[in-house]
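Participant: Sequence:
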Amino acid sequence: MASSSSADPDDHDKKSPGFFMKSTIASLQLKFPSVKNISTAQLWSWLQRPKERSVFLVDARPEEEYNISHLENSHRVDYEDADMRAIVKKMEESFKDQNNPTVVCYCSLGYRSSVVAKNLQQFYETSGKTPVPEIYNLSGSIFQWANEERPMVDNNGKRTHFAHPYTPFWGKLLDEKHRKK
2 MASSSSADPD
12 DHDKKSPGFF
22 MKSTIASLQL
32 KFPSVKNIST
42 AQLWSWLQRP
52 KERSVFLVDA
62 RPEEEYNISH
72 LENSHRVDYE
82 DADMRAIVKK
92 MEESFKDQNN
102 PTVVCYCSLG
112 YRSSVVAKNL
122 QQFYETSGKT
132 PVPEIYNLSG
142 SIFQWANEER
152 PMVDNNGKRT
162 HFAHPYTPFW
172 GKLLDEKHRK
182 K
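In this text, residue positions in the sequence shown follow the numbering used here: the first is 2, and each later residue adds one.
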């Protein structure tokens, strides 16, 4: 994270997700019961203290969506065809000599990132690799992050408030002022 955004003084005033966002999040948690979820506020807190916790961000959206906006320092993967060995190798390089290795996956709302988180869990279970990092899905994903006006960057590394709406239907969960047309 850039040092200019080292604090979020009005974090307690962030917009609470609406009924349909909460319903979507709840349905994803039911569909992926083995995947732990983390709130945007908790992720923000962790990102502000990198010496306490090493966070590896995984963006599970296609390049078209990622280029509009993503969380700074995230690593994009194709959720349908993610090479778990390659992802784990990048993670291990990132976590070398770091405290509390943690992976946070996100997409637009949480389905694709939950798939990646579940696949990472299964990879560690079957491979026997250790240490196993904590693996989370970002609850509400980038839509919730954008709706709370947390920092994002575009494919040029410039700050943006826009997010790709994914589809016209699902994009309705993204505040209109943040929908990239």
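Honestly, I wouldn't trust all of these hints.
Derived DEER-like restraints, expressed as beta-carbon distance ranges [as the list claims (entries may be wrong)]:
| hint | residue 1 | residue 2 | range |
| --- | --- | --- | --- |
| 1 | D82 | K37 | 31 to 37 Å |
| 2 | K32 | D84 | 20 to 26 Å |
| 3 | K97 | K182 | 22 to 28 Å |
| 4 | F21 | F163 | 16 to 22 Å |
| 5 | T127 | D82 | 17 to 23 Å |
| 6 | S28 | D176 | 16 to 22 Å |
| 7 | K52 | F20 | 26 to 32 Å |
| 8 | F21 | R86 | 20 to 26 Å |
| 9 | D98 | P169 | 26 to 32 Å |
| 10 | D176 | D98 | 36 to 42 Å |
| 11 | K97 | K32 | 30 to 36 Å |
Taking lysine-lysine pairs in the PhoX-like style, the calculated list, with each CA pair at most 25 Å apart, reads [claimed, not checked]:
| hint | residue 1 | residue 2 |
| --- | --- | --- |
| 12 | K97 | K37 |
| 13 | K52 | K178 |
| 14 | K37 | K119 |
| 15 | K91 | K130 |
| 16 | K32 | K119 |
| 17 | K119 | K91 |
| 18 | K90 | K130 |
| 19 | K52 | K90 |
| 20 | K130 | K23 |
| 21 | K119 | K23 |
| 22 | K91 | K37 |
| 23 | K130 | K178 |
| 24 | K52 | K37 |
| 25 | K173 | K23 |
| 26 | K119 | K97 |
| 27 | K159 | K181 |
| 28 | K97 | K130 |
| 29 | K159 | K178 |
| 30 | K52 | K32 |
| 31 | K23 | K52 |
Hint data in this document are derived by calculation from the structure and do not stem from the laboratory. None of the values given here were measured: they were computed from a predicted structure. Every residue gets a Cβ at the ideal spot worked out from N, C-alpha and C, and that includes glycine.
Participant: Check the structure against each numbered hint from earlier and tell me which ones fail, lowest number first.
Facilitator: 1, 3, 7, 8, 9, 13, 20, 23, 30, 31
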